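Chains X and D, in that order, are what the protein sequence lines are.
Be aware that the first sequence starts at 459, since it is given in our numbering, and climbs by one per residue.
Be aware that the second sequence starts at 61, since it is given in our numbering, and climbs by one per residue.
Source of the hints: derived by calculation from the structure; they are not laboratory data.
From a predicted model like this one, the values you see are computed outputs, not experimental measurements.
Don't be surprised by glycine CBs; every beta carbon is placed ideally from N, CA and C.
Incorrect hints may appear among the rest.
Just a sample of chain D residues kept apart from chain X, beta carbon distances all over 12 Å, derived [unchecked claim]:
| no. | residue |
| --- | --- |
| 1 | 62 |
| 2 | 138 |
| 3 | 145 |
| 4 | 163 |
| 5 | 201 |
| 6 | 208 |
| 7 | 283 |
| 8 | 377 |
| 9 | 387 |
Covered by chain D, per the in silico footprint, the following chain X stretches (three or more residues, Cβ under 8 Å) [unchecked claim]:
| no. | region |
| --- | --- |
| 10 | 486-493 |
| 11 | 608-615 |
| 12 | 697-709 |
| 13 | 747-753 |
| 14 | 1052-1062 |
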Amino acid sequence: MRPRSAALGLAGAALLVALPWLLPPFYANLLCFIAIYGGVATGLILLTGYAGLVSLGQGAFYGIGAYGAVVLAGSYGVDPWLSLLLGTLLAAAAGYLVGLPILRLSGHYLALATLAWGIIATILFTQLASITGGPNGFTNVPVLRLFGVDFIDPGRFYYLTLIFAVLAVLALASLIRSRAGRAVRAMRSSEFAAASVGMEVGRLKLQVFVLAAALAGLGGALFAYFIAFISPSAFDLGASIRLLTMAMIGGAHPLGGVLGAAVVTLLDDVLQNVIPNGSGQAGLVQVIAYGAILVGLMLASPRGLEPLLSRLWRVRFRSRPAAAAPPDAVPDAVPDAVPDAVPARAAGPGAAPATARAAARATARATAPATVFGTAPATVIGTAPGTPAERPQAPAGALLEVRELGRSFGGLQAVDGLGFRLRGGEILGLIGPNGAGKTTAFNVISGLLPPSQGRVLLGGDDVTGQPAQRMARRGLTRTFQNTALFDMSVLENVMAGCYVHTRGGVWAGVLGLGRADEARAEREARGALERVGLSELDARAPALPVGKQRLLEVARSLAMRPAVLLLDEPAAGLRYAEKRELAGLLGALRDEGLAILLVEHDMDLVMSVADRIVVMNYGKMLTEGAPEQVRQDPEVIAAYLGLDAA
Amino acid sequence: MTMSTALFLFVTGLTNGAIYALLGLGLVLIYNVTRVINIAQGEFVMLGALTAVGLTTGEATGGITLAILAGAAWALLVLLRRRRWSLLWLPPLGALALSWLVRVAGPYHLPPLLAVLVATVAVAFVGAALYRLTIQPAAAAGEVVFLIITTGLYLGLQGLGLLFWGPGSFSFPSVHGGQIAAGGLRVSYQSLFVLAATFVVLALLWLFFERTLFGKALRAAAMNRLGARLVGISPERAGLVAFAISAGISALAGVLIAPVTYATYDMGLGLGLKGFVGAVIGGLSGYPGAVLGGLAIGVLEAFAAYTTSAYGEAIVYALIIPILLLRVIAVRRGAAT
């Protein structure tokens, strides 16, 4: 397969290079426009298609790049090539400044904010006439020249635009398969789940926004040099909608932008030729046609051409056959790479009695005082899973401590005065009738909701009110009652769980760096999946049956190497045999030193795996104790069965 | 700035603001019932104004043609859904015949009041048809898809406006010419009328939602689609009615503003956005809030345009961003306490 795809790539590249000679001269113009718009739309596809952030103001960044470049070169004598770079940087800077406030908005509010920004930019382009030439446009555009070769002729300029479009497509293709790209796609599926595996959602959004703005800026700069005259109308709302149309036609695929640009540009051309009396009518029909295409496309295929493209060209992540290293060698490879904030629970998923090296390290740690967080929840590490009797003493301090925790919604006190301590190597069951406040307690402890009162301590540090991604980085993660999986393959979901202990941001993703981390994440993800007993590695996660989705969430959490694991009804939707396997898994994880907080309605399961149980009712703590003790508590029976039964 | 200038600006602002308020009412109505933010709201204003103009002065009556076409498309959709293949020829033929009739019977010189009525009903029908044809089929797709669809509607309707009426600007006779002078301030009757109409519409909406069963059903559908369905209210019908009423209100706004500012094919987007800013100031779900917000935007715009002429528009648009942010913060704070 490899040589064949390489040959195909070469043939494609040759075709792209030869295009100006193969087509009549007139088409060179169109090719330039397709490549320029294609590159810009590729950025918009990252923003809209992958990150789910709709921009109706991309024309503004496009215009800033254009004006920035040619005004600097034409009015201030900056070297034209350098001005391309400066125009791009200007657009990126504008993207940063605009994105910083408005990315706090989401959905259609964000789209409207970008729309407003686009209109403001158009007004500025028009009103700052002393710089931009105002509505009459800016004409003093120098020529791009390299070693005495002028880039004026469209057939020649095409190569500049081709480089731009190809780089944009390659950057997007590389990014979306990387760690950061996975995070971008993950946060689109569920921001909560993304945060709970430690992804910095806000920062990722801003980076993606800036990247798309930079691509728009560079495209705008090239556009300005290409047509050697720019006026505000080229960057107005119509331009923004045009770019968005291209992105929507393309859909979430690296090639979507170029394809969308080709469709729209060629359509323009056809419309112009079909309607004879050139001037007004053609533009008019064009506008109506855009409107009709946008509406029709959204109704017929909201994903654009992406389904078609994906079938033709598999760039989506597919798992390779298992890597050389067997899964049980994995844990040994990782602990050194763990970022310092993460409590390294050395026994990674798939951990069995570790290799000699890990064992040696574990011994060394076991003798050290149990400084829980910051270094590692030490004593429990590396101990072989044994019977409970052989289990080593859990660390003296609790890994998770909750004090007088309360959370109210308006007048409703959903959680009131909840307090407990959870040690490593312990399973604490949190039970109570429906509406007792268990899930709210989970949301507060995991950082998705700030508490109204009380404290949350993680490894002795006060982490009250810290956001979920911070909690995740400190080694606490959770699963969701209504599973919150990412819309990607099963394997990728679990690899997304490796986010906190791998490296590589958006820029690394664009440049294709961090392959070693990726390989490690994949190995670890395979280990975690094996551990929970899932084998459908390439299936789309949301298409799994509910029971498997729950196991997948557990696997994703394990891939984080957490110290504290919060499970919200992990057994709901599981069959009897699956529940028994889950119970076995939870026991094994406890024996490895994990602290587990378990909300579950299946009493048999809770009673059999939990070491202690906390009972909640109407937001308040009813009692705490060993399973047998709780089972006989009259108050608990009353809460579950009604007062009369007690 | 002298006192009389300020007063003048204030009244001008209120007049424009009343139009934004009417648009805001329409936007909020649609948003409440269907969760659609309608970028094309202003196009209903344009259609209403220009159609009414056409009906009185003998110019084109595009809104009527559009209503006929939209109705034919709607009928086609219904026939396709019901698999009545043998009747498929009927809507196109009917549309052709009707359009021909409308054309032959023209040019029209209807009395203004009748023209307003016809234009409003036609645009309301167009609104309902567009809901049925473009929004309802995408009901499961979510808010961003809606936004892109209504962006497409905006483009299409604006293009049709240009096709029907060309780039010229048109005026519409005032309800009552002349102005009243009070203490050095002259206020045209039209301004007063616009303001009064806004509050009448607000009052009617209140009556509709509070005092009629159907209005309450609409509110129920807005709050909880599934719940409404379970008690026998169709969210689809609710959406249809919301679009029709909203488009009708906007068309009326167009007719009211046409004598004050001229009506052009591209008047819609700016009006719609300002109406939206006003509605968001008012909280996006409350009708009185939308009216107050719209009035505030109108006054602010008048003063901004006077003091920093070139950037008046920009200032109003720039307000969208902080207002949206404040709203998000307010919602989060509300959830936290």
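Now the hints, each set against the structure:
no.	hint	result
1	62	holds, 27 Å
2	138	holds, 16 Å
3	145	holds, 21 Å
4	163	holds, 20 Å
5	201	violated, 5 Å
6	208	violated, 5 Å
7	283	holds, 17 Å
8	377	violated, 5 Å
9	387	violated, 8 Å
10	486-493	violated (count 0)
11	608-615	violated (count 0)
12	697-709	holds (count 3)
13	747-753	holds (count 6)
14	1052-1062	violated (count 0)
Hint violations for this structure: numbers 5, 6, 8, 9, 10, 11, 14, all remaining hints satisfied.
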